[in-house]
Amino acid sequence: MPITFGGRLNLRNPLIISINNNTIQVVNNIKYLGVTWDCCLTFTKHFKALRDKTDSLTYKLSTVANELYSKSSGLFRKIYYGAIEPYLLFGVVAWGNRLKLKKVRDSLNSLQRRPLIKIIKAYRTISTEALQVIAGVVPLDIKAKGVFGKFLLTTINNDIKFGSKIFKWEDYETRLDPHNIHLADNISITYDKHKPSGEEIEIYTDGSKINDQVGAAIVVFYYNAEIFNRTIRLSDFAPVYQVEVTGIQMALEFISTIGPWNKINLYTDSLSVLEALNTFKTSKKDILAIKNDILEMNQE
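Residues 1368 to 1667, numbered by my numbering, are exactly what the sequence shown covers, in order.
Simulated from the structure, these hints should not be mistaken for laboratory data. Treat the hints loosely; a few may be bogus.
Okay, derived cross-link-like pairs now, DSSO-like style, lysine-lysine, Cα gap no bigger than 27 Å in a straight line [stated by the list, open to error]: (1) Lys1420 - Lys1445; (2) Lys1517 - Lys1469; (3) Lys1532 - Lys1651.
Per label pair, the in silico range of CB-to-CB distance [to be verified]: (4) Cys1407 - Ser1477: 11 to 21 Å; (5) Thr1646 - Ala1497: 45 to 55 Å; (6) Ile1397 - Pro1453: 19 to 29 Å; (7) Tyr1490 - Ile1384: 43 to 53 Å; (8) Leu1662 - Thr1521: 58 to 68 Å; (9) Tyr1448 - Ser1477: 12 to 22 Å; (10) Ile1577 - Tyr1634: 18 to 28 Å; (11) Asn1524 - Ile1501: 36 to 46 Å; (12) Asp1526 - Lys1648: 39 to 49 Å; (13) Asn1659 - Ile1384: 26 to 36 Å; (14) Thr1598 - Gly1513: 43 to 53 Å.
Glycine included, every Cβ here is placed at the ideal spot set by N, Cα and C.
With these hints in hand, go ahead and build the complete structure from the sequences.
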């Protein structure tokens, strides 16, 4: 993998590094996992090669789609979002922390020129900023910041700051590496659909987002008599799915306080969460935790 050093280093008199008596060659740039790293970490050579490939890809795709273009004016826009933009953002986890450099931002936005010209059928003399506005496409440097920020939040578990807003990774769904999940943890929690019977303990969970405010709640009934309720406020940026998961977690916390019970019915209106629990394999950390909690309660 690339090894970079800070401080004053000279390629004419490089630092000598040996592994098992083999001297590691010092180079100006190296390609690793599809990303070309340079000694200054500006990724100039990477973006230059990417621009040449993008221009060629745009030409080839537009040639294939040309016969259908007149019938579907938004066809190439779909091609851009589905094929070209993801290709341009490949390796953002490697160069994302260099987006603070104007040279990197300018390089990214220049990569958009050829595809955007094709989308709006503009002259080549038009400015990049005008292309982005007329096409209604987010500038690539801003898009890259969002993708890199999501990576920091959900994979590295780092808080990030955009403008004056701070996003905390605890407020978002995290995923585990599937290779680190034990086979014994791949279980399915089934569910069924029926109306409340009014017998034994019945727990209702819900989560909602109203007026940019997010919260989750549970209400517990024992033979139709309310015996417990709880509401909590979550981050304003928490997705509704995560809020519904939090509601089920709150219900399981309540169940753990009352000890073993003959029968407890748990009701939720989130079909997406129920399907996630019903799925045999999952890499979602919160879903795995809920599955394990339910399994342990059933064993008790």
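How the hints compare with the structure:
1. Lys1420 - Lys1445: At roughly 19 Å apart (the allowed maximum being 27 Å), Lys1445 and Lys1420 satisfy the hint.
2. Lys1517 - Lys1469: holds, 21 Å
3. Lys1532 - Lys1651: holds, 26 Å
4. Cys1407 - Ser1477: 11 to 21 Å: holds, 19 Å
5. Thr1646 - Ala1497: 45 to 55 Å: At roughly 46 Å between Cβ atoms, Ala1497 and Thr1646 fall inside 45 to 55 Å, so the hint holds.
6. Ile1397 - Pro1453: 19 to 29 Å: Holds, at about 24 Å.
7. Tyr1490 - Ile1384: 43 to 53 Å: holds, 51 Å
8. Leu1662 - Thr1521: 58 to 68 Å: Check failed, 25 Å falls outside 58 to 68 Å.
9. Tyr1448 - Ser1477: 12 to 22 Å: With a Cβ separation near 19 Å, Tyr1448 and Ser1477 satisfy 12 to 22 Å, so the hint holds.
10. Ile1577 - Tyr1634: 18 to 28 Å: holds, 21 Å
11. Asn1524 - Ile1501: 36 to 46 Å: Hint holds: Cβ distance 39 Å, inside 36 to 46 Å.
12. Asp1526 - Lys1648: 39 to 49 Å: Because 29 Å falls outside the window, the suggested range is violated.
13. Asn1659 - Ile1384: 26 to 36 Å: Given about 45 Å between the Cβ atoms, the range is violated.
14. Thr1598 - Gly1513: 43 to 53 Å: violated, 31 Å
In this structure, the hints that do not hold are numbers 8, 12, 13, 14, in rising order.
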